[in-house]
Amino acid sequence: MIKFHEDFCQREIKYLHHGTTIQPYISFVGEDVQSISSCYVRVNQRFWCFEDPLIALEVCFNTFFVFNCNYPKECYDSWLIVQQLLFQLHTPHDKSTSITKSVSGQF
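Residues -4 to 102 in the working numbering are what the sequence shown spells out, letter by letter.
It is worth saying that the hints were derived from the structure and are not from the lab.
Quick reminder that beta carbons are idealized off the backbone N, C-alpha and C, glycines included.
Don't take every hint at face value.
To be verified - Distance ranges between label pairs, derived from CB positions: (1) 70 to 39: 15 to 25 Å; (2) 14 to 92: 16 to 26 Å; (3) 14 to 102: 31 to 41 Å; (4) 91 to 0: 13 to 23 Å; (5) -2 to 85: 33 to 43 Å; (6) 30 to 100: 29 to 39 Å; (7) 86 to 32: 30 to 40 Å; (8) 90 to 16: 33 to 43 Å; (9) 1 to 91: 31 to 41 Å; (10) 24 to 73: 15 to 25 Å; (11) 101 to 41: 20 to 30 Å; (12) 6 to 60: 19 to 29 Å; (13) 26 to 91: 31 to 41 Å.
When you get a sec, could you build the whole thing from the sequences and use the hints?
Here it is in structure tokens:
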């Protein structure tokens, strides 16, 4: 848990340095991707723990809409794909990129 807190503090400093805020995100805890023991969704300096990664994904995704947050630049494409392909939501604010067009074209 100490490492988890250190990672959070480093991320917060990085975002403050760039003049932005940390948007909702998921942290997975486990030895590797095959053995995830818990997931944490961070929103407004609070962490919620989930055992099921899919529920954590859904909760994190929903927080973007509930709090009217923008997807972070470093994972904008990933969240837009989740939004459009998994949740079948399209908004006037969506900005398709070559990556999202390519992935969407495969489905």
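Verification of the hints:
1. 70 to 39: 15 to 25 Å: holds (18 Å)
2. 14 to 92: 16 to 26 Å: holds (23 Å)
3. 14 to 102: 31 to 41 Å: With a Cβ separation near 36 Å, residue 14 and residue 102 satisfy 31 to 41 Å, so the hint holds.
4. 91 to 0: 13 to 23 Å: At roughly 37 Å between Cβ atoms, residue 0 and residue 91 fall outside 13 to 23 Å, so the hint is violated.
5. -2 to 85: 33 to 43 Å: holds (38 Å)
6. 30 to 100: 29 to 39 Å: 34 Å Cβ-Cβ, so the 29 to 39 Å window holds.
7. 86 to 32: 30 to 40 Å: At 34 Å between Cβs, range holds.
8. 90 to 16: 33 to 43 Å: violated (20 Å)
9. 1 to 91: 31 to 41 Å: Hint holds: Cβ distance 36 Å, inside 31 to 41 Å.
10. 24 to 73: 15 to 25 Å: Holds - the Cβ-Cβ distance for residue 24 and residue 73, about 20 Å, lies within 15 to 25 Å.
11. 101 to 41: 20 to 30 Å: Given a distance of about 36 Å, which is not inside 20 to 30 Å, the answer is violated.
12. 6 to 60: 19 to 29 Å: holds (22 Å)
13. 26 to 91: 31 to 41 Å: holds (37 Å)
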